[in-house]
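Protein chains in written order, with full-length UniProt numbering: chain A, 1 to 583; chain B, 1 to 583.
Just to be clear, a hint being listed does not mean it is correct.
Said to hold, decoys possible - Partial selection, computed: residues in chain A whose CB lies under 8 Å from chain B: (1) 154; (2) 366; (3) 449; (4) 451.
What the hints contain is simulated information worked out from the structure, not anything from laboratory work.
For each residue, glycine too, the CB sits at the ideal point set by N, CA and C.
2 protein chains.
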Amino acid sequence: MYLERIDGPNDVKKLSLEQMDVLAQEMREALFRKLSKHGGHFGPNFGMVEATIALHTVFDSPKDKMVFDVSHQSYCHKMLTGRKDAFLYEEHYDDVSGYSEPSESAHDFFVIGHTSTSVSLACGLAKGRDLLGGSENIIAIIGDGSLSGGEALEGLDFAAELNSNLIIVVNDNDMSIAENHGGLYQNLKQLRDTDGKAACNLFRAMGLDYVFVKNGNDIPSLIEAFKQVKDSTYPVVVHICTQKGKGYAPAEQDKETWHWCMPFDPETGKPLLADAGEDYSELTAQYLLEKMKKDPAVVGITSATPPILGFTPNRRKLAGKQFVDVGIAEETAVALASGIAANGGKPVYGVYSTFIQRTYDQLSQDLCVNSNAATILVFAASVYGMNDVTHLGIYDIPMMANIPNLVYLAPTTKEEYMAMLDWSVEQNNVPVAIRVPMQVVTSGVPCTKDFSQYNTYEVTQKGSRVAVIGLGNFYTLGQETAQEIAKQTGVQPTVINPMYITGVDEKLLESLKAEHDIVITAEDGILDGGFGEKIARFYGNSDMKVLNYGLKKEFLDRYDAEDVVKRNRLTAGQIAEDVIALL
Amino acid sequence: MYLERIDGPNDVKKLSLEQMDVLAQEMREALFRKLSKHGGHFGPNFGMVEATIALHTVFDSPKDKMVFDVSHQSYCHKMLTGRKDAFLYEEHYDDVSGYSEPSESAHDFFVIGHTSTSVSLACGLAKGRDLLGGSENIIAIIGDGSLSGGEALEGLDFAAELNSNLIIVVNDNDMSIAENHGGLYQNLKQLRDTDGKAACNLFRAMGLDYVFVKNGNDIPSLIEAFKQVKDSTYPVVVHICTQKGKGYAPAEQDKETWHWCMPFDPETGKPLLADAGEDYSELTAQYLLEKMKKDPAVVGITSATPPILGFTPNRRKLAGKQFVDVGIAEETAVALASGIAANGGKPVYGVYSTFIQRTYDQLSQDLCVNSNAATILVFAASVYGMNDVTHLGIYDIPMMANIPNLVYLAPTTKEEYMAMLDWSVEQNNVPVAIRVPMQVVTSGVPCTKDFSQYNTYEVTQKGSRVAVIGLGNFYTLGQETAQEIAKQTGVQPTVINPMYITGVDEKLLESLKAEHDIVITAEDGILDGGFGEKIARFYGNSDMKVLNYGLKKEFLDRYDAEDVVKRNRLTAGQIAEDVIALL
Numbered sequence: 001m002y003l004e005r006i007d008g009p010n011d012v013k014k015l016s017l018e019q020m021d022v023l024a025q026e027m028r029e030a031l032f033r034k035l036s037k038h039g040g041h042f043g044p045n046f047g048m049v050e051a052t053i054a055l056h057t058v059f060d061s062p063k064d065k066m067v068f069d070v071s072h073q074s075y076c077h078k079m080l081t082g083r084k085d086a087f088l089y090e091e092h093y094d095d096v097s098g099y100s101e102p103s104e105s106a107h108d109f110f111v112i113g114h115t116s117t118s119v120s121l122a123c124g125l126a127k128g129r130d131l132l133g134g135s136e137n138i139i140a141i142i143g144d145g146s147l148s149g150g151e152a153l154e155g156l157d158f159a160a161e162l163n164s165n166l167i168i169v170v171n172d173n174d175m176s177i178a179e180n181h182g183g184l185y186q187n188l189k190q191l192r193d194t195d196g197k198a199a200c201n202l203f204r205a206m207g208l209d210y211v212f213v214k215n216g217n218d219i220p221s222l223i224e225a226f227k228q229v230k231d232s233t234y235p236v237v238v239h240i241c242t243q244k245g246k247g248y249a250p251a252e253q254d255k256e257t258w259h260w261c262m263p264f265d266p267e268t269g270k271p272l273l274a275d276a277g278e279d280y281s282e283l284t285a286q287y288l289l290e291k292m293k294k295d296p297a298v299v300g301i302t303s304a305t306p307p308i309l310g311f312t313p314n315r316r317k318l319a320g321k322q323f324v325d326v327g328i329a330e331e332t333a334v335a336l337a338s339g340i341a342a343n344g345g346k347p348v349y350g351v352y353s354t355f356i357q358r359t360y361d362q363l364s365q366d367l368c369v370n371s372n373a374a375t376i377l378v379f380a381a382s383v384y385g386m387n388d389v390t391h392l393g394i395y396d397i398p399m400m401a402n403i404p405n406l407v408y409l410a411p412t413t414k415e416e417y418m419a420m421l422d423w424s425v426e427q428n429n430v431p432v433a434i435r436v437p438m439q440v441v442t443s444g445v446p447c448t449k450d451f452s453q454y455n456t457y458e459v460t461q462k463g464s465r466v467a468v469i470g471l472g473n474f475y476t477l478g479q480e481t482a483q484e485i486a487k488q489t490g491v492q493p494t495v496i497n498p499m500y501i502t503g504v505d506e507k508l509l510e511s512l513k514a515e516h517d518i519v520i521t522a523e524d525g526i527l528d529g530g531f532g533e534k535i536a537r538f539y540g541n542s543d544m545k546v547l548n549y550g551l552k553k554e555f556l557d558r559y560d561a562e563d564v565v566k567r568n569r570l571t572a573g574q575i576a577e578d579v580i581a582l583l
Numbered sequence: 001m002y003l004e005r006i007d008g009p010n011d012v013k014k015l016s017l018e019q020m021d022v023l024a025q026e027m028r029e030a031l032f033r034k035l036s037k038h039g040g041h042f043g044p045n046f047g048m049v050e051a052t053i054a055l056h057t058v059f060d061s062p063k064d065k066m067v068f069d070v071s072h073q074s075y076c077h078k079m080l081t082g083r084k085d086a087f088l089y090e091e092h093y094d095d096v097s098g099y100s101e102p103s104e105s106a107h108d109f110f111v112i113g114h115t116s117t118s119v120s121l122a123c124g125l126a127k128g129r130d131l132l133g134g135s136e137n138i139i140a141i142i143g144d145g146s147l148s149g150g151e152a153l154e155g156l157d158f159a160a161e162l163n164s165n166l167i168i169v170v171n172d173n174d175m176s177i178a179e180n181h182g183g184l185y186q187n188l189k190q191l192r193d194t195d196g197k198a199a200c201n202l203f204r205a206m207g208l209d210y211v212f213v214k215n216g217n218d219i220p221s222l223i224e225a226f227k228q229v230k231d232s233t234y235p236v237v238v239h240i241c242t243q244k245g246k247g248y249a250p251a252e253q254d255k256e257t258w259h260w261c262m263p264f265d266p267e268t269g270k271p272l273l274a275d276a277g278e279d280y281s282e283l284t285a286q287y288l289l290e291k292m293k294k295d296p297a298v299v300g301i302t303s304a305t306p307p308i309l310g311f312t313p314n315r316r317k318l319a320g321k322q323f324v325d326v327g328i329a330e331e332t333a334v335a336l337a338s339g340i341a342a343n344g345g346k347p348v349y350g351v352y353s354t355f356i357q358r359t360y361d362q363l364s365q366d367l368c369v370n371s372n373a374a375t376i377l378v379f380a381a382s383v384y385g386m387n388d389v390t391h392l393g394i395y396d397i398p399m400m401a402n403i404p405n406l407v408y409l410a411p412t413t414k415e416e417y418m419a420m421l422d423w424s425v426e427q428n429n430v431p432v433a434i435r436v437p438m439q440v441v442t443s444g445v446p447c448t449k450d451f452s453q454y455n456t457y458e459v460t461q462k463g464s465r466v467a468v469i470g471l472g473n474f475y476t477l478g479q480e481t482a483q484e485i486a487k488q489t490g491v492q493p494t495v496i497n498p499m500y501i502t503g504v505d506e507k508l509l510e511s512l513k514a515e516h517d518i519v520i521t522a523e524d525g526i527l528d529g530g531f532g533e534k535i536a537r538f539y540g541n542s543d544m545k546v547l548n549y550g551l552k553k554e555f556l557d558r559y560d561a562e563d564v565v566k567r568n569r570l571t572a573g574q575i576a577e578d579v580i581a582l583l
């Protein structure tokens with residue numbers, strides 16, 4: 001086996017072309033075994049095997065510096081840069097992250113996880129090199145799907161300004177996570193159809209040189225192209241056409257399903273874990289499809305992640321023009337929603353907490369300054385969400401909830417969520433975001449609240465001395481804490497479901513002063529700039545004691561949620577202990 | 001005079017071509033008079049006179065909907081849509097804002113002030129129309145300078161997906177605020193040089209149709225082109241070549257100076273107000289130029305606003321490759337800075353508070369997750385900064401200061417600023433932002449603080465019972481408040497200069513508990529998610545009373561700063577009154 005003997009790029013360089021083909025096969029087998037047990041990004045890595053071998057054959061990493069966009073396709077790079085064990089041996093599977101990670105290897109230069117950043121980051125490496133008189137090659141590797149993101153397009157435009165070495169490998173597999181959307185993909189097709197000869201060329205129009213590789217899964221062609229651009233003294237795009245999922249028939253056929261996988265049965269390809277049942281993506285899709293039938297103004301929006309809204313390919317077809325995928329272009333998604341609302345439509349944009357981060361200015365300027373009635377559904381906003389450092393869902397409250405005019409809601413049950421969603425779609429006054437809960441909890445009681453009465457919290461249990469305000473996902477923690485306090489002290493706390501993240505119910509908080517000494521807040525996100533601090537400020541000039549519970553401001557990576565929760569004293573027992581000490 | 005009789009687009013449509021030429025002349029005269037007395041965007045509006053007349057001749061606003069990018073060039077549009085008085089009569093000059101404003105007129109559809117948003121917003125209007133079966137034309141008008149912004153490029157790419165009417169007028173005057181930067185400008189030149197016939201065409205590469213207008217200051221050519229695309233059933237770019245500052249020789253020659261003007265002498269063109277003397281842009285440029293001479297690793301970065309760093313054209317020449325203008329591309333500016341730092345450079349990015357908003361995700365992911373040692377200078381971050389609703393500098397603390405790893409500093413004097421800047425440039429551990437003060441205050445005492453001791457506040461006056469923490473610009477307010485309290489009560493408050501926005505000096509705050517009952521915070525920005533709330537949270541479980549002073553979370557527009565300050569109880573007298581009531 002060659003792979004077992006690859007300790008770094010020099011070992012790749014020693015191989016003959018025939019041996020490289022065998023290595024490619026071995027790498028796919030290792031990927032298949034690991035991903036079937038471990039899950040991860042399947043299609044992107046299967047497509048990049050040959051290109052990665054060719055890159056490490058031609059360039060001298062880590063002197064030459066490679067920056068992988070999103071870096072979800074960098075598994076092969078890890079295999080060839082001293083980290084093969086993490087793909088060969090099950091006990092080492094967790095030794096590496098799913099993204100590029102400088103702490104693992106000198107061959108990685110940035111922690112990366114969001115799309116569309118590689119070209120601008122690589123421009124920075126190149127500029128640093130030019131300032132200090134270096135001579136290494138700087139290589140950005142970016143997929144066609146990521147090209148539609150604003151930062152990537154900015155980077156492509158800026159690159160020409162460097163007027164020095166920068167190699168941008170565009171890995172074109174004619175797919176984003178789902179199918180691509182956007183006019184530039186017509187041009188990529190034109191380039192593929194003409195073997196790169198079409199005179200109209202997006203990359204040349206950005207001032208860049210251009211090289212085309214018809215078969216991006218053919219090692220000799222790739223090596224030839226990379227040799228041609230090595231030590232280039234001007235920014236150049238190498239457009240390679242690869243096959244996503246190459247080498248595993250089901251992934252070649254159903255590219256969307258096999259972009260990322262959970263652990264699966266290697267015989268059948270079927271996921272090992274059964275479907276988790278009812279979830280908010282499914283509920284949202286059902287609601288929207290029903291609503292769309294009745295009202296042509298309703299439109300769902302995604303930025304390249306239709307599954308988060310529950311919109312499978314079949315449902316996208318059903319929705320027709322009432323479902324829009326803007327591609328990886330979160331900024332445009334928010335602006336589009338604002339524009340649709342301004343012209344009488346009822347837009348609902350579904351997005352992960354970690355990706356809404358790309359739209360602060362669009363939320364503020366395009367949407368909230370104009371107070372247009374768009375609905376934004378924020379998914380996976382929780383310490384229990386994705387746990388890679390680049391994909392955390394714990395910063396959206398400080399990021400969003402301090403923008404004026406936005407009404408950011410935190411439901412605690414399915415009934416509340418559905419009521420908020422329907423209210424938001426039908427109202428015409430304010431931009432609304434909903435922090436979609438992690439788990440579907442059913443109260444069994446219809447929610448009849450009028451959400452246009454902003455910042456009115458609900459007292460769900462009347463008590464005294466202690467009031468517990470549990471926001472969204474942490475409402476249950478609030479309830480449990482109240483029970484724990486009651487059990488240990490006999491004091492029956494008041495329990496409050498605030499529902500509004502963006503404002504304070506001053507009347508209610510004022511009224512608590514009469515019979516309460518301590519107010520507790522709990523939120524599923526970082527404390528700094530969050531919900532609880534607003535409550536602390538409100539009571540600052542009074543005798544009320546306020547204890548804020550939430551996460552410390554820090555970047556967490558591949559953590560165990562229960563550990564983090566305990567470390568931040570986010571269990572009912574720990575909070576009750578703190579409260580009892582104060583009582 | 002024709003202009004006096006223009007009450008709306010219908011009055012424009014009635015004019016002959018010869019009369020339109022006279023109208024154009026009258027509009028320039030009105031612009032000149034108003035801008036000489038009032039200041040404003042000069043070059044952009046002088047260049048757009050003919051195009052605006054042609055747009056209102058061909059299209060039927062407000063049924064047809066025009067969206068102006070940045071909208072700093074929409075003065076002419078305002079003149080022709082019922083708002084001429086605000087340009088003809090001095091007493092009405094302030095009746096209109098400097099940007100598009102739906103509350104002024106049915107001909108404006110969004111409040112806009114940041115660049116690069118028009119295409120995506122217009123896509124939203126078009127999508128709304130298509131959902132509801134409308135038939136109006138949607139027109140985005142965007143300058144060449146704005147094209148380099150990520151949101152604009154995303155919008156151009158997405159537009160083709162609409163597959164319906166959308167007209168994108170690219171107003172190409174071959175200038176941003178300063179000269180353009182980026183590879184796409186080579187393509188615009190190629191298109192200009194070939195009368196739009198070059199086969200390589202950025203807009204066609206984005207999947208759009210394309211029409212070229214050689215003389216964008218010639219009304220008949222413009223009318224012909226707009227008629228050609230009116231009711232188009234597919235997105236089309238109309239590329240018009242205009243002259244920035246057209247009709248006023250000094251503005252035609254020195255386009256950068258005349259992009260925006262303060263009130264000036266109509267005879268000489270010289271500004272009426274003398275230079276305000278020493279300012280932080282000037283100090284920064286002097287420091288950086290000196291530093292650059294000694295250290296090739298130092299590099300200044302701007303995103304199309306070099307004056308904010310004090311980099312005049314001459315200084316840009318002096319700095320050579322040690323000064324980079326990325327064009328309007330704030331996202332890339334932050335990523336570039338991170339990449340430069342990762343490869344041994346010492347990047348300093350200067351940016352307005354309102355525009356750093358465009359980079360939340362780049363700050364978080366590209367920079368702070370990687371903890372690269374870039375320096376970001378945030379200018380005009382104050383209630384005393386720009387006062388248009390789209391250009392406020394009062395939200396950067398909640399936006400930035402809750403991002404992990406970032407060290408956000410607030411100097412109060414020139415000495416502190418220079419010490420922080422130099423420390424930041426020379427250190428290699430953390431990303432640092434500095435909230436540049438509004439006014440240069442000199443202490444006369446060198447600042448010797450070691451800023452690598454994070455979150456260590458300075459007690460500048462020891463007192464008791466009351467402690468006043470005045471952040472950055474509001475340190476002086478803190479001092480004055482302490483004096484006022486001392487004067488009225490004899491209680492001598494402790495005064496603290498916190499310097500660190502991003503963290504709490506727990507040791508110091510803990511020690512205050514011994515001899516203090518009240519802590520006051522004052523910050524020059526909104527309170528929600530800000531600095532003071534962290535202090536309130538710290539003291540939540542104690543007997544310390546905390547009063548947070550800052551601005552209410554709201555969008556302010558064209559306000560009088562003193563009014564806003566009083567309304568938010570941000571005078572020493574008001575704060576002292578509150579404190580004394582509590583003592």
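Results for each hint:
1. 154: Check passed: Cβ of residue 154(A) comes within 4 Å of chain B, closer than 8 Å.
2. 366: Holds. Min distance 5 Å.
3. 449: Status violated, d = 23 Å.
4. 451: violated, 19 Å
Taken one by one, the earlier hints fail for this structure at numbers 3, 4, listed in ascending order.
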